[in-house]
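There are 2 protein chains.
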Amino acid sequence: MKIAVDAMGGDNAPQTVVAGVEHARDEFEDTEFLLYGVEKEIRKYLKNETRITIIHTDEMIMMNDEPVKAIRRKKNASMVLAARAVKEHKADAIFSCGNTGALLAAGLLIVGRIKGISRPGLLSTLPMIGTEEGAFNLLDSGANAENKAEHLHQYAILGKYYAQNVRHIENPRIGLLNNGTEPHKGSKVTQEAYQLLAEDPNLNFVGNIEASNILNDAADVVVADGFTGNAVLKAIEGTASAIMHLVKKAILDSGLKGKIGGLLLKSSLKGLKEKMNQSQYGGAVLLGVKAPVVKAHGSSDGQTVYYTLKQIHTMIEGEMIPDFVNYFSQEHAASKTKEQSI
Amino acid sequence: MKIAVDAMGGDNAPQTVVAGVEHARDEFEDTEFLLYGVEKEIRKYLKNETRITIIHTDEMIMMNDEPVKAIRRKKNASMVLAARAVKEHKADAIFSCGNTGALLAAGLLIVGRIKGISRPGLLSTLPMIGTEEGAFNLLDSGANAENKAEHLHQYAILGKYYAQNVRHIENPRIGLLNNGTEPHKGSKVTQEAYQLLAEDPNLNFVGNIEASNILNDAADVVVADGFTGNAVLKAIEGTASAIMHLVKKAILDSGLKGKIGGLLLKSSLKGLKEKMNQSQYGGAVLLGVKAPVVKAHGSSDGQTVYYTLKQIHTMIEGEMIPDFVNYFSQEHAASKTKEQSI
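Chains as they are written, first to last, in the working numbering: chain A, 208 to 549; chain B, 208 to 549.
Check before you lean on any hint, since a few could be wrong.
Treat identical chains as interchangeable: a pair holds within one or across any two.
[As the list claims (entries may be wrong)] Listed next, the in silico DSS-like pairs over lysine-lysine satisfying Cα-Cα at most 27 Å (straight line):
| hint | residue 1 | residue 2 |
| --- | --- | --- |
| 1 | 276 | 322 |
| 2 | 456 | 466 |
| 3 | 482 | 466 |
| 4 | 392 | 281 |
| 5 | 456 | 480 |
| 6 | 392 | 276 |
Please keep in mind that the hints were generated in silico from the structure rather than gathered at the bench.
Please put together the full structure from these sequences, using the hints given.
Set out below in structure tokens:
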């Protein structure tokens with residue numbers, strides 16, 4: 208398999224990207240990497256070229272570029288070239304730590320939607336910090352600012368296949384993010400989505416889930432409209448970071464006694480930090496397009512880049528995309544037949 | 208002033224309610240309390256009847272009652288009688304720890320909307336745990352499942368007066384909860400709301416605020432549609448509680464060394480817990496109705512009930528409601544004149 212890598216995206220690119228790619232290359236012997244970016248810069252950090260091809264380009268998309276314009280105008284940007292390689296079947300997936308909006312636009316406009324899918328959604332993986340272990344997927348976590356109930360139904364199916372093929376959960380529990388647990392709760396969109404999910408015999412639908420309970424093993428896949436999903440994701444991240452900062456500060460400000468206490472607790476608190484570290488679950492994946500389009504955080508280190516490439520490897524190996532294509536082409540055909548017979 | 212109290216709402220009612228009322232009664236010599244509920248039960252805990260009147264009723268609204276039905280059918284429920292006392296000007300505000308949906312319905316259907324306000328919103332106060340100190344208000348935090356841009360504009364005005372009259376912030380910064388900071392970001396509703404807020408010369412509008420930054424002193428009042436506001440509020444509460452649980456567990460599971468560390472840190476961690484404790488800010492307030500309708504958490508202790516009654520006292524003393532009425536009646540008249548002149 209081949210993974211197209213935007214080597215220039217991210218705060219510490221291309222250094223951290225190259226480090227992560229080399230780590231993944233050493234682990235996955237069946238995988239080649241196409242690195243798009245400034246050759247001289249990439250070579251500064253590259254130790255070994257085995258199964259790594261550099262495709263030189265000077266152009267790149269900046270973090271403050273307007274996404275759609277950037278994709279259309281910067282035709283030779285590292286991200287655009289990487290996406291085009293996927294479109295032209297020269298690579299099986301694209302990875303970037305760069306501008307999220309631009310990568311979503313590249314996914315939609317260059318890689319392209321799978322037939323039958325209206326609105327691809329962004330899937331994030333979060334640790335279930337309310338429980339002993341485990342994680343859950345949230346989608347759409349921000350690809351769309353507005354969604355209809357039928358989109359949420361498609362997210363449930365996309366999330367189900369992701370959880371099965373990548374996380375190896377046999378029968379993933381699907382929940383609907385809502386402002387109450389009762390079936391009649393919520394907006395028009397969530398009320399309609401509840402019906403669609405409840406009536407679909409292929410889904411293990413466990414009902415509405417409130418944001419207060421999302422970290423407590425309530426479901427394996429939580430479906431939301433992109434606006435709310437994004438807000439909840441950011442609220443969780445912001446709160447976790449604020450509290451960890453407070454804990455640290457409480458230790459530092461508490462005099463000698465507290466500092467000794469902090470030292471004695473160092474390893475436990477480190478374990479806690481690791482538990483909350485999302486990087487082991489890889490990046491955010493745009494689901495519903497013809498290949499994995501995967502975004503890691505701009506501040507990703509080499510380890511996070513490696514984990515995300517590993518996640519992409521699992522997606523390709525698990526044949527997630529062919530599963531999507533099959534399902535939605537059948538759905539598409541079935542709904543066409545249905546329309547014709549009416 | 209007089210406060211109507213639903214003595215039967217909450218997990219430990221009427222005990223905790225009575226304790227909080229007596230504490231508030233001892234502090235605020237200008238205030239009388241009307242307690243609605245089972246007289247025998249209330250008397251069990253009441254130490255001193257000064258400025259406290261008990262109005263006996265056997266009926267009450269349960270936590271799982273369907274809100275609107277309960278308000279309409281249980282005409283003698285403690286909550287309904289307390290709301291009716293406000294409607295009939297026998298009291299200036301209503302307090303309850305009971306069924307939130309029912310209290311919102313009582314506010315809308317019995318106390319009634321202020322003229323010119325389309326959709327009253329629920330205001331919550333949260334600590335800015337990302338900073339040294341301070342708090343912010345979030346509204347609508349869940350009274351509505353759907354909102355239009357003009358409702359969000361009204362929430363900004365309601366929130367502004369609340370922050371001025373109750374929190375004594377001279378020129379409160381108003382932010383709009385959105386999925387990006389740039390003005391063009393978001394859904395149709397948030398894009399339109401951005402324009403309305405930016406164009407209002409009476410508002411100190413500071414722009415879009417992402418949920419990741421909401422705890423970091425980004426604004427004094429954050430305006431949101433009720434669906435997203437509710438989801439973000441619950442995500443913050445759920446994450447905070449999950450992490451504090453993890454910190455506790457990390458200490459307990461870390462052997463003797465960690466336990467000693469935990470003991471040494473006990474007072475610092477207690478300070479942290481207090482910082483995150485929302486009860487000192489009082490309860491959630493339905494704004495846009497003709498009197499303060501205030502909800503404290505079902506699990507509130509006497510101290511929280513006291514803080515919430517203190518908050519109500521400040522609202523009445525600060526003449527928040529007359530300010531609302533003035534503003535919106537002028538707005539209403541102005542928009543009528545404008546309509547006629549077109």
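To see whether the hints hold, each was checked on the structure:
no., hint, in the structure
1, 276 with 322, "within (25 Å within a copy, 46 Å between copies)"
2, 456 with 466, "both (10 Å within a copy, 19 Å between copies)"
3, 482 with 466, "both (23 Å within a copy, 20 Å between copies)"
4, 392 with 281, "between (45 Å within a copy, 22 Å between copies)"
5, 456 with 480, "both (15 Å within a copy, 13 Å between copies)"
6, 392 with 276, "between (39 Å within a copy, 15 Å between copies)"
Comparing the model with each numbered hint stated earlier shows that all of them hold.
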